[in-house]
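A.B. asks: As they're listed, the protein sequences go chains A and B.
The C-terminal position of the first sequence is numbered 291 in this note's numbering, with every residue numbered one higher than the one before it.
The C-terminal position of the second sequence is numbered 1244 in this note's numbering, with every residue numbered one higher than the one before it.
Just so you know, the hints here were simulated from the structure itself, not pulled from any lab data.
You may find that some hints are simply not true.
Said to hold, decoys possible - To list a few chain B residues with every Cβ distance to chain A over 12 Å, as calculated: (1) R1006; (2) E1064; (3) G1122; (4) D1129.
Unchecked claim - In silico contact screen, one side only, chain A against chain B (beta carbon under 10 Å); selected entries: (5) F123; (6) S275; (7) G288.
As the list claims (entries may be wrong) - Examples of chain B residues toward chain A, derived with CB under 10 Å: (8) H1010; (9) R1033; (10) P1076; (11) A1078; (12) F1172; (13) T1214; (14) G1215; (15) E1216.
Note that beta-carbon positions come from the ideal geometry of N, C-alpha and C, so glycine has one too.
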Amino acid sequence: MNAEEIATDDSVVTDMADAVPATTGQDRGFVAEDIVFDASDLSVYYGDFRAVRDVNMLIQRKEITALIGPSGCGKSTVLRSFNRMNDLIPTARVEGNLLYRGVDLYDPRVDPVEVRRRIGMVFQKPNPFPKSIYDNVAYGPRVAGRKKGLDDVVESSLKKAALWDEVKDRLQESAIGMSGGQQQRLSIARAIASDPEVLLMDEPCSALDPIATARIEELMAELKDEYTILIVTHNMQQAARVSDRTAFFSVEVDETSDRRTGLLVEYTTTEKLFSNPDDERTENYITGRFG
Amino acid sequence: MQNELRGNFHEDLDAVRDTIVTLAAHVTEAIPRATDALINNDLEMAQDVIAHDDELDLLSLQIEERCYALIALQQPMAIDMRSIVTAMKINGEYERSGDLAVNICKGVRRIYGIALSPTLRGLITSMGDEAVRLTRVSVDAYAEGSSGLAAALPDMDDRLDDLQVDFIQEIFAAHARGELKLEETVQLALIARFYERIGDHAVNIGERVMYMVTGESPESAGAARARAAAHETEDVAPDVSEAE
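Only chain A is shown next, with the shape it has when bound in the complex:
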């Protein structure tokens, strides 16, 4: 059963009206039918270690949602749980609920490959395959069995990734020779080629210079017209610049075991979070005053 079939299966679909906003500011401007993800009491474990606990978040369609917080707060773990990337880690497991379009993403009947097609991912370091630019972009559709119309897919994906004009005359050249910024936009084009609805970006600019970073940020603003984007970033200014909503994660340390567990502290509109956050922990973090 693929996600599409599950989406039409009444036994699996959960009523969106049940989605209970639980964190400060969650109710700001969400439209029920446009909620892409609904995480409730989501916790992620590595073995018996709880890496992040009790995350409650709604993700609105065609918005950019930023996840920020100090190292070890679980923001990347949460991001990876949104397309089941954590499945690739044998000891990882998820508790709580994570609905994608009303479908339980972790329902055993859901095909994780289909999940990752619909919910693409762009990683911290650009990771082009040692193939031509064309083959990089065509890779996903080919794996999915597509044989016709690949030229069109490659061209439109590269255009959407704002890379077409730079590479259209050298599509058969190796992607390895591209600059870091170009390689990252190629990674985005490759993700787009599989026709996803959501793009997850894990520190997509941390390996790039400021100009390449600005290009990616501009690109994100354009991609927002078509895609829902979640971005993990260490750069608070970047979160402030590009995102519509921001989630601030923090870390709590268990005194006895010295184990650190991430938690969602505050999730609201980006403007509110960076100008007048409700939680003192958010304020201390974004102003550089750590308690």
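Since chain A is already given, all that's left is putting chain B on it; use the hints.
C.D. replies: For chain B alone, coordinates are given in the frame of chain A:
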């Protein structure tokens, strides 16, 4: 114990606050000196207050430039951003209050030599005292980050407004009795207006302090009316802070 990751930046922010407090202290001293000049027909003191205003202008300019630099260099957020925005706003309010003390002193020159009745002298003294009190409370509210003190300012200002009304009535009566010439009456009415404006600036400062502390701006009566009118006609101008 709090660990500071941006210690230098926050020291700079503290320095801006301290400079604003210094500016406000100068203004608070200029007002009673202007009042003394008025009551005592003291042209020398009036000139002194006028000359001293250049220093206030310089201080104000330095505060403004420092705020611009901090915004450009530090990308302040949350309370830091609100503190800088507040500093820039109230900097202008204090600078303007200093100008109003100067205006009072210029009025002193224009009406030099007139004899003020004990009633008028008493009212001027009271207006001066209230203007100083309001300015002092405004700077206390700012320096302490006290929304409580800031919230008290509008009510305190009512007292100064009442004194101004009493003063205007008194000078009109004195003019009717032939004790004041028309030009003198007009000059004194303007002077009363200057005191009243100092109170208004203190109230504005209180509103900015409320924003700094709470993140919410107290809505002015005019803004509330405009919002209500837009809501009635549903002809929008939506509240951008809520528009998502």
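A.B. asks: So, for every hint listed, does it hold in this structure?
C.D. replies: Hints, one by one, checked against the model:
For B/R1006, the shortest C-beta to C-beta distance to chain A comes to about 3 Å, within the 12 Å cut-off, and the non-interface label is violated. Under the 12 Å C-beta cut-off, the non-interface status given to B/E1064 relative to chain A holds; the minimum distance is some 21 Å. With a minimum CB-CB distance of about 46 Å to chain A, B/G1122 clears the 12 Å threshold, and the non-interface call stands. Every CB of chain A lies more than 12 Å from the CB of B/D1129, the least distance being 36 Å, so the non-interface label holds.
Taking 10 Å as the C-beta contact cut-off toward chain B, the hint placing A/F123 at the interface is violated, the least distance being around 27 Å. At its closest, the beta carbon of A/S275 sits 6 Å from a beta carbon of chain B; the interface hint therefore holds under the 10 Å criterion. A hinted interface residue such as A/G288 counts as satisfied when its beta carbon comes closer than 10 Å to some beta carbon of chain B; here the least separation is about 3 Å, so the hint holds. Annotation: interface hint on B/H1010 holds; nearest CB of chain A at approximately 7 Å, less than 10 Å.
The interface hint given for B/R1033 is broken, as the beta carbon of that residue sits about 40 Å from the closest beta carbon of chain A, more than 10 Å. Checking B/P1076 against chain A by beta carbon gives a least distance of about 8 Å; that is within 10 Å, so the hint holds. Given the 10 Å rule on beta carbons, the hint for B/A1078 holds: about 5 Å separates it from the nearest Cβ of chain A. Look at B/F1172: its Cβ only gets to about 48 Å from chain A, farther than 10 Å, so that hint breaks.
Contact between B/T1214 and chain A, as hinted, is supported at the beta carbon level, the nearest pair being about 8 Å apart and thus within 10 Å. The beta carbon of B/G1215 comes within 3 Å of a beta carbon in chain A, closer than 10 Å, and the hint placing it at the interface holds. Residue-level restraint check for B/E1216 holds (minimum Cβ-Cβ distance to chain A is 8 Å; threshold 10 Å).
In the structure shown, a violation is registered for the earlier hints numbered 1, 5, 9, 12, in ascending order.
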